[in-house]
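A.B. asks: If you read the sequences in order, they're chains C and R. With my numbering as the guide, the letters of the first sequence map in order to residues 1 to 272. With my numbering as the guide, the letters of the second sequence map in order to residues 1 to 272.
Hints should not be assumed to be uniformly reliable.
One copy or any two copies: either way a pair holds, since identical chains are not told apart in the list.
Here are the computed lysine-lysine pairs in the BS3-like style, where the Cα-Cα straight-line distance is at most 27 Å [claimed, not checked]:
1. Lys57 to Lys271
2. Lys57 to Lys243
3. Lys243 to Lys271
Bear in mind the hints are in silico, worked out from the structure with no lab data behind them.
2 protein chains.
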Amino acid sequence: MSCPAPHPFDEALALQRAGDGRFTGVMSQGYWNMAGPFGGMTAAILLKAVTLHPDLKGRPLSQTVNFCAAISADPFELETVLERDGRSTQHWRVTLRQNDSVAANATVVTGPHRDTWSSQPAAAPALRPHESLEAFDTAGRSGWFGRYEMRFDGGAPTLSGPAGASGDGQTRAWLRDEPPRPLDYPALASLADAFIPRVFLMRGVPGPAATVTLTTYFLASESELAAQGARPIAGVATPRAIKHGFHDQSAELWGDDGNLLAVSHQLVWFKD
Amino acid sequence: MSCPAPHPFDEALALQRAGDGRFTGVMSQGYWNMAGPFGGMTAAILLKAVTLHPDLKGRPLSQTVNFCAAISADPFELETVLERDGRSTQHWRVTLRQNDSVAANATVVTGPHRDTWSSQPAAAPALRPHESLEAFDTAGRSGWFGRYEMRFDGGAPTLSGPAGASGDGQTRAWLRDEPPRPLDYPALASLADAFIPRVFLMRGVPGPAATVTLTTYFLASESELAAQGARPIAGVATPRAIKHGFHDQSAELWGDDGNLLAVSHQLVWFKD
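Use the sequences and the hints to build the structure in full.
C.D. replies: Right under this line is the structure:
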């Protein structure tokens with residue numbers, strides 16, 4: 001009898017329990033970016049620590065991750081604290097320390113499933129069909145690119161110079177893990193950061209830039225994620241304003257049935 | 001010689017130093033909502049604590065506030081911790097405790113001013129002129145409403161029943177402190193929460209609802225805030241999806257010269 005190899009995402013999320021809501025781990029080289037781990041992986045690991053906590057009731061509703069400093073390949077320690085436990089929401093604080101300094105932290109809200117009145121005023125993006133778009137060539141790019149299949153319908157990170165600069169800085173793409181993997185909340189937390197800094201697109205060239213803070217609202221229930229499974233999701237990322245060395249960007253992650261699974265917002269630091 | 005009376009917003013933000021990044025205070029009855037302080041005031045107080053810290057370098061760039069539990073009229077304690085101090089960003093954690101329990105917390109990013117390449121792909125809302133719109137009648141409403149002048153150009157919180165329900169849940173309005181007060185970061189942090197839960201508008205009736213978590217990005221520099229002064233700003237609030245007892249909403253706060261001052265996002269809990 002042989003067992004299938006674990007998915008690289010699950011390998012990267014492996015944490016060792018160190019008692020009392022504490023965990024240790026090491027960032028996976030398989031999700032490496034230019035000068036540290038892909039920010040989406042950091043978000044996923046901070047969320048994973050909450051999902052492993054014995055006091056968790058329900059599922060993730062929101063997460064804010066602050067990227068406080070560069071994260072290296074050294075071992076890290078995670079501390080999860082349930083700051084307030086309520087009937088409809090639980091409020092968590094997670095701290096990632098490396099060499100005794102805080103390198104990242106997160107606040108996470110979780111809560112039990114409820115069914116209520118619903119409405120979806122946002123319009124799903126009308127992307128061209130997944131199979132009609134070419135998969136982005138990740139050869140020669142940072143490792144984490146290879147862990148996603150991206151089919152861009154505008155706003156690909158081709159960075160062909162000022163002449164190819166995008167006016168609105170918007171990206172529209174089909175996205176999935178590579179190889180395919182059934183969607184869960186850590187995967188959504190990671191996909192929320194899969195859109196490169198909008199300033200790169202708008203100027204047509206890369207440069208020093210990093211996410212400072214990332215907030216994701218998980219709108220989909222567990223059964224909605226199960227229904228989406230491993231099929232590609234539709235993502236749209238849009239900036240509003242770029243100035244004083246920072247810019248915002250918002251991302252929507254849509255199921256292929258037009259169901260909004262998550263929305264995510266971030267503030268990006270950049271240098272001219 | 002007589003001195004002008006302090007503005008109610010400044011009175012409400014009064015904190016007593018309790019040493020070592022600690023402060024004490026009491027929530028102002030002047031900004032009371034249905035069952036506790038207006039969430040924007042809580043956000044402003046958590047931000048104010050950071051601006052009072054002697055180690056602050058620069059100005060607020062982002063803030064995430066988590067509303068962990070109901071806040072009462074009892075005294076509260078604030079603790080501010082500089083979790084990581086960097087060259088371009090400082091990462092702060094603020095905790096608001098009441099009767100020894102965490103009632104709210106925040107993470108705040110601050111940083112020194114820089115001038116860089118800039119671009120504003122977002123379009124300013126084309127509101128009808130401020131003076132052509134009637135000021136919203138706040139008589140008989142929760143106290144905090146009276147602390148703002150709101151002139152709605154769609155999406156007023158009139159809540160006239162299902163027949164008056166709004167399909168897209170969007171609000172567009174001119175907003176300013178009442179009486180007028182020069183704009184600063186705590187004021188922006190508060191104004192970011194001045195839009196009622198979108199579910200009220202979309203159903204045409206109020207009900208149990210509360211902001212769970214609120215994230216604001218402060219895009220404007222101090223000189224841009226000074227240039228805006230005490231004149232009304234243009235606000236737009238929009239939801240994307242409402243389901244499973246929660247909904248998102250995003251707000252943009254624009255200067256009257258079409259400059260995007262701040263963007264804010266929140267997740268709202270509601271009950272049917």
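A.B. asks: Each hint should be assessed against the structure and marked as holding or not.
C.D. replies: Now for the hints, and whether the structure bears them out:
When the C-alpha separation of Lys57 and Lys271 is checked against a cutoff of 27 Å, the pair qualifies only between copies, where the shortest distance is 18 Å, while the shortest distance within a copy is 42 Å. In this homomeric assembly, Lys57 and Lys243 come within 27 Å of each other (Cα to Cα) only across copies, at 19 Å, whereas the closest approach inside a single copy is 41 Å. In this homomeric assembly, Lys243 and Lys271 come within 27 Å of each other (Cα to Cα) only inside a single copy, at 10 Å, whereas the closest approach across copies is 39 Å.
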